[in-house]
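Given the coordinates of chain P, assemble chain W onto it according to the supplied hints.
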Amino acid sequence: AQKVTQAQTEISVVEKEDVTLDCVYETRDTTYYLFWYKQPPSGELVFLIRRNSFDEQNEISGRYSWNFQKSTSSFNFTITASQVVDSAVYFCALYYNQGGKLIFGQGTELSVKP
Amino acid sequence: GAGVSQSPSNKVTEKGKDVELRCDPISGHTALYWYRQSLGQGLEFLIYFQGNSAPDKSGLPSDRFSAERTGGSVSTLTIQRTQQEDSAVYLCASSLGQKETQYFGPGTRLLVL
Numbered sequence: 001a002q003k004v005t006q007a008q009t010e011i012s013v014v015e016k017e018d019v020t021l022d023c024v025y026e027t028r029d030t031t032y033y034l035f036w037y038k039q040p041p042s043g044e045l046v047f048l049i050r051r052n053s054f055d056e057q058n059e060i061s062g063r064y065s066w067n068f069q070k071s072t073s074s075f076n077f078t079i080t081a082s083q084v085v086d087s088a089v090y091f092c093a094l095y096y097n098q099g100g101k102l103i104f105g106q107g108t109e110l111s112v113k114p
Numbered sequence: 001g002a003g004v005s006q007s008p009s010n011k012v013t014e015k016g017k018d019v020e021l022r023c024d025p026i027s028g029h030t031a032l033y034w035y036r037q038s039l040g041q042g043l044e045f046l047i048y049f050q051g052n053s054a055p056d057k058s059g060l061p062s063d064r065f066s067a068e069r070t071g072g073s074v075s076t077l078t079i080q081r082t083q084q085e086d087s088a089v090y091l092c093a094s095s096l097g098q099k100e101t102q103y104f105g106p107g108t109r110l111l112v113l
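Sequence order for the protein chains is P and W.
The opening position of the first sequence corresponds to residue 1 in my numbering, with each subsequent residue numbered one higher.
The opening position of the second sequence corresponds to residue 1 in my numbering, with each subsequent residue numbered one higher.
Among the clues, some could well be false.
[What the hints assert, rightly or not] Each computed DSS-like pair below joins lysine-lysine, with the alpha-carbon atoms no more than 25 angstroms apart:
#1 P/LYS38 - P/LYS3
#2 P/LYS70 - W/LYS99
#3 P/LYS38 - P/LYS16
#4 P/LYS3 - W/LYS99
#5 W/LYS57 - W/LYS17
#6 W/LYS99 - W/LYS57
#7 W/LYS99 - P/LYS38
#8 W/LYS57 - P/LYS3
#9 P/LYS70 - P/LYS3
#10 P/LYS70 - P/LYS38
#11 P/LYS113 - P/LYS16
#12 W/LYS57 - W/LYS11
Simulated from the structure, these hints should not be mistaken for laboratory data.
On a predicted model such as this, the values are computed, not experimentally measured, just so you know.
Excised from the complex, chain P in its bound form (with noise of 0.2 angstroms):
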């Protein structure tokens, strides 16, 4: 089976503290791809970013940071030094190989307060 577990439905923190949110997924495919994806009031879902499952080095692209364990089959996003713009739902994905598919989480309501 194919699934993606988002654990934390809503997170609340001040402006300026780390948070972490939560992935935790399940597949039999030996090859596989990872995505987070933020969605602000907006509406939008916007890419944040991808991972396979054949690369196990972890990434930090300004603020965030990804740390992909395969051993306990986890992608877990780390926003540091935490502000109000980052207030969005954060959103887990695993690629569905046999059909194309983004497989979601429940999704991680993030909230910033100044």
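Just chain W, lined up with the frame of chain P:
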């Protein structure tokens, strides 16, 4: 370059009417996807096109839903005899090909009264 565009942005219709939603993918993207986002169900896959053919229609919830893609570009999602449970945001995405990153449009907010 231009992103994925969708029209209309918002649609209000009466129960039982038919609606058409349009998606214009990023130029050169051969793959196109429709998803639905509703409060109780999260983000659900509806259908996937590669070129003009639809290898995966597994997410269409009933035979009232259909989609087509012509010329390998624009796609139309049609919902016949709309029901209140069809109210949702319908999202379109496109990608360069299979297994490539999907880029989403702004969505069409459908409200069935």
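A quick look at each hint next to the structure:
| no. | hint | in the structure |
| --- | --- | --- |
| 1 | P/LYS38 - P/LYS3 | holds (19 angstroms) |
| 2 | P/LYS70 - W/LYS99 | holds (19 angstroms) |
| 3 | P/LYS38 - P/LYS16 | holds (19 angstroms) |
| 4 | P/LYS3 - W/LYS99 | holds (17 angstroms) |
| 5 | W/LYS57 - W/LYS17 | holds (23 angstroms) |
| 6 | W/LYS99 - W/LYS57 | holds (17 angstroms) |
| 7 | W/LYS99 - P/LYS38 | holds (20 angstroms) |
| 8 | W/LYS57 - P/LYS3 | holds (19 angstroms) |
| 9 | P/LYS70 - P/LYS3 | holds (15 angstroms) |
| 10 | P/LYS70 - P/LYS38 | holds (23 angstroms) |
| 11 | P/LYS113 - P/LYS16 | holds (9 angstroms) |
| 12 | W/LYS57 - W/LYS11 | holds (24 angstroms) |
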